[in-house]
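Asks: Construct the entire structure; sequences and hints are all you get.
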Amino acid sequence: MRKGWFLPIAAALGFSFLYAPIVSLVIFSFNENRLVTVWSGFSLKWYGELFNDPQMLGAAWLSLQIAALSATIALVLGTLAAVALVRFRRFKGRTLFAGMVSAPLVMPDVITGLSLLLLFVAMESILGWPQGRGMLTIVIAHATFCTAYVCVVVQSRLGDFDRSLEEAAMDLGAPPVRTFFDITLPIIAPALVSGWLLGFTLSLDDLVIASFVSGPGSSTLPMVIFSKVRLGVSPDVNALATIIIGIVALGVLAATIIQLRSKPRTQI
Amino acid sequence: MAKRPQLAIDTRPWRDTANNKPFVRIRNVTKKFGDVSAVHEVSLDIYRSELFCLLGGSGSGKSTLLRMLAGFENPTSGTIEIDGQDMTEVPPYNRPVNMMFQSYALFPHMSVEQNIAYGLKRDGLPRAEIAARVAELLALVKLQDYGKRKPHQLSGGQRQRVALARALAKRPKLLLLDEPLGALDKKLREETQFELVKIQEQLGVTFIVVTHDQEEAMTLATRIGVMNQGEIAMIGEPTDIYEFPNSRFVANFIGSANMVEGVVTEDEPDHVRIRSTELGCDIYVGHGVDCAPDQLLWWAIRPEKMALSREKPEGLHGANVATGVVEEIAYLGDISVYQIVLESGKRLRVSQTNTVRGNPDAITWEEQVYVTWGIDAGSVLTV
Chain A
1 MRKGWFLPIA
11 AALGFSFLYA
21 PIVSLVIFSF
31 NENRLVTVWS
41 GFSLKWYGEL
51 FNDPQMLGAA
61 WLSLQIAALS
71 ATIALVLGTL
81 AAVALVRFRR
91 FKGRTLFAGM
101 VSAPLVMPDV
111 ITGLSLLLLF
121 VAMESILGWP
131 QGRGMLTIVI
141 AHATFCTAYV
151 CVVVQSRLGD
161 FDRSLEEAAM
171 DLGAPPVRTF
181 FDITLPIIAP
191 ALVSGWLLGF
201 TLSLDDLVIA
211 SFVSGPGSST
221 LPMVIFSKVR
231 LGVSPDVNAL
241 ATIIIGIVAL
251 GVLAATIIQL
261 RSKPRTQI
Chain B
1001 MAKRPQLAID
1011 TRPWRDTANN
1021 KPFVRIRNVT
1031 KKFGDVSAVH
1041 EVSLDIYRSE
1051 LFCLLGGSGS
1061 GKSTLLRMLA
1071 GFENPTSGTI
1081 EIDGQDMTEV
1091 PPYNRPVNMM
1101 FQSYALFPHM
1111 SVEQNIAYGL
1121 KRDGLPRAEI
1131 AARVAELLAL
1141 VKLQDYGKRK
1151 PHQLSGGQRQ
1161 RVALARALAK
1171 RPKLLLLDEP
1181 LGALDKKLRE
1191 ETQFELVKIQ
1201 EQLGVTFIVV
1211 THDQEEAMTL
1221 ATRIGVMNQG
1231 EIAMIGEPTD
1241 IYEFPNSRFV
1251 ANFIGSANMV
1261 EGVVTEDEPD
1271 HVRIRSTELG
1281 CDIYVGHGVD
1291 CAPDQLLWWA
1301 IRPEKMALSR
1311 EKPEGLHGAN
1321 VATGVVEEIA
1331 YLGDISVYQI
1341 VLESGKRLRV
1351 SQTNTVRGNP
1361 DAITWEEQVY
1371 VTWGIDAGSV
1381 LTV
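Here the protein sequences line up with chains A and B, keeping their order. Residues in the first sequence are numbered consecutively from 1, following the working numbering. Residues in the second sequence are numbered consecutively from 1001, following the working numbering.
It cannot be assumed that every hint is accurate.
[To be verified] The following label-pair restraints were derived from C-beta to C-beta distances:
#, chain 1, residue 1, chain 2, residue 2, range
1, A, Phe-91, B, Phe-1249, 32 to 42 Å
2, B, Gly-1156, A, Trp-5, 38 to 48 Å
3, B, Gln-1144, A, Leu-13, 54 to 64 Å
4, A, Ala-189, B, Lys-1198, 52 to 62 Å
5, B, Gly-1156, A, Phe-6, 42 to 52 Å
6, A, Ala-20, B, Gln-1144, 51 to 61 Å
7, B, Asp-1185, A, Ala-254, 35 to 45 Å
8, B, Pro-1126, A, Ala-189, 28 to 38 Å
9, B, Lys-1186, A, Ala-189, 56 to 66 Å
10, A, Gly-93, B, Leu-1332, 35 to 45 Å
[What the hints assert, rightly or not] One side only, chain A facing chain B, incomplete, derived with CB under 7 Å:
#, residue
11, Ser-164
12, Asp-171
13, Leu-250
Honestly, the hints are just simulated from the structure, not real lab data. Everything numeric in this text was worked out from a predicted model, so none of it was measured. Note that beta-carbon positions come from the ideal geometry of N, C-alpha and C, so glycine has one too.
Replies: Structure below.
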């Protein structure tokens, strides 16, 4: 059978629609010219400029901290929720709980951000905690929606987990806690890693929710970029964006590889 | 391949219940899931070094019973004793029992050696002893060169042997095997059956095997417990179960059986005569049966317990001869199975050994034949 020409062309168009903007951004980050849209030669000077900008570096450091913290919190909460949903098949309000855990996946960011802001303000006036808004509130907000993603990833992994593996461990003399650390955890570890990476990337990426719940002096990287771009696109933003794309791509790639590589090994 | 009794009395303790203490005592055990009884009022004694098979279809409760012995399920009522110790409150990780799982449940992230050593490590044995024991077990299941492999690098038969070695590692008093050969192909299964019996004899461990495969149960077991809908239908040695079934269920479940309805016309201490309109003749049974005249009952006979002939045989006591026409013949090599249609429309399956090579005189399709049987060839069943 002859290969058709339609599919390759459609695929090429589709991919260029998705990735042409990103490719142009990466190319122009190496542009020497001060004007973003005019190419005048290859240069790494915007990368150099970027690393001499304390505001950018501070925001990047803050974003990384927030991403790591909220991904970790989300990992613990999401795993617990997934275990509850998969292992305790029938409990009162299970459907409600399942729906509520995954609701943040489809909730518009604006709504999540706004409602969290209202919550934090109310809590501050009633409980006196959290005082003001800043890194802590952003971490809490990010952990909330990342929990939903972690839960989905871990849930699917636990779903095809063979319970007799745990029973076998207990049968051989391991009490439940021991069984969890010896058997359950190593087997679902790939899902935990990819869940964490997913949470990390999502947190690093978020602009809308962070804008709602951040306070003075706690601007995350996306917020700084956004405010810079409003004053006109400067080439060092291109450089920064390229670096972020690189990090995110690596993270996603790592998560995928870990998931794929663990499949044949753990499913027998 | 079944265990060959060396000394009738000490290898078959269930025949002398007065002098032998059962090793596993299951007393009136019931397990309910919601309103459904998976296991209902089961009582069962199993003796030391037995290879006991629980045989039943899916949903018969055999696996649930096994899981209760392992401690993964708790009985709703009743007690389980192992070696004189009540097990009801003992969690699985403290029982002197190990299980071989149907899926093998090998830990995918551990090597074969680590899998086998897992239980020993939990017992806190010294490292050198663990290594020695693992080597010994690998030799037992003939996997000496595979210790460093991961489970996904093994074939189905090898995984099965690793699972067996792991279950035997802690030298349990009782080994539970859930469909141990279920995932193997026919050829491998037959070899492994033999291995399993050999290992069991060598170690003297008590085995309880759950299976749905009656051939497997017949080959392996010292005794079989046939389960039906959560209850034990019959307990007995393989020959008892096959030759002397106690109910229509057991007669039909094990092997194939011809079953007819009949009415008692003569009820004497030394014989019984049953009139069967389905057979179109009387059945003369050469022993007394606990029944009453005019009672409706069933009579079951195995295909190989009957004979075919072209000439009308004499019959015994004017009974035990049915007339029919050959409808189907299934040639299986060693035997041929004939399906005979009687005048009543009832079909009988009769098997004949093919003793003559390429017999030109063999009974063939559409022939009218007489079917006969001995006075003790069939079983009279009242339930």
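Asks: Are the hints correct? Go through all of them and say.
Replies: Against the structure, the hints come out as follows:
1. In this structure the supplied range 32 to 42 Å holds for Phe-91 (chain A) paired with Phe-1249 (chain B), their Cβ-Cβ distance being about 39 Å.
2. A hinted range of 38 to 48 Å for the beta carbons of Gly-1156 (chain B) and Trp-5 (chain A) is consistent with their spacing of about 46 Å.
3. Between Gln-1144 (chain B) and Leu-13 (chain A) the CB atoms are about 59 Å apart, so this pair conforms to the stated range of 54 to 64 Å.
4. With their beta carbons about 40 Å apart, Ala-189 (chain A) and Lys-1198 (chain B) fall outside the hinted range of 52 to 62 Å.
5. Against the hinted window of 42 to 52 Å, the Cβ-Cβ separation of Gly-1156 (chain B) and Phe-6 (chain A) comes to about 45 Å, which satisfies the hint.
6. The hinted window of 51 to 61 Å between Ala-20 (chain A) and Gln-1144 (chain B) holds, with their beta carbons roughly 60 Å apart.
7. In this structure the hint that Asp-1185 (chain B) and Ala-254 (chain A) lie 35 to 45 Å apart at CB holds, the actual value being about 40 Å.
8. Checked against the given bound of 28 to 38 Å, the beta carbons of Pro-1126 (chain B) and Ala-189 (chain A), roughly 30 Å apart, stay inside it.
9. For Lys-1186 (chain B) and Ala-189 (chain A), the hinted distance range of 56 to 66 Å is not satisfied, since their beta carbons lie about 38 Å from each other.
10. Range check, Gly-93 (chain A) to Leu-1332 (chain B): Cβ separation about 60 Å, and the 35 to 45 Å hint is violated.
11. The restraint placing Ser-164 (chain A) at the interface with chain B holds, with a minimum CB-CB distance near 4 Å, inside the 7 Å limit.
12. Hint status for Asp-171 (chain A): holds, given a least beta-carbon distance of 5 Å to chain B, under 7 Å.
13. Interface restraint check: Leu-250 (chain A) against chain B, minimum CB-CB distance 25 Å, threshold 7 Å, status violated.
Violated hints, in rising order: 4, 9, 10, 13; the structure is consistent with all others.
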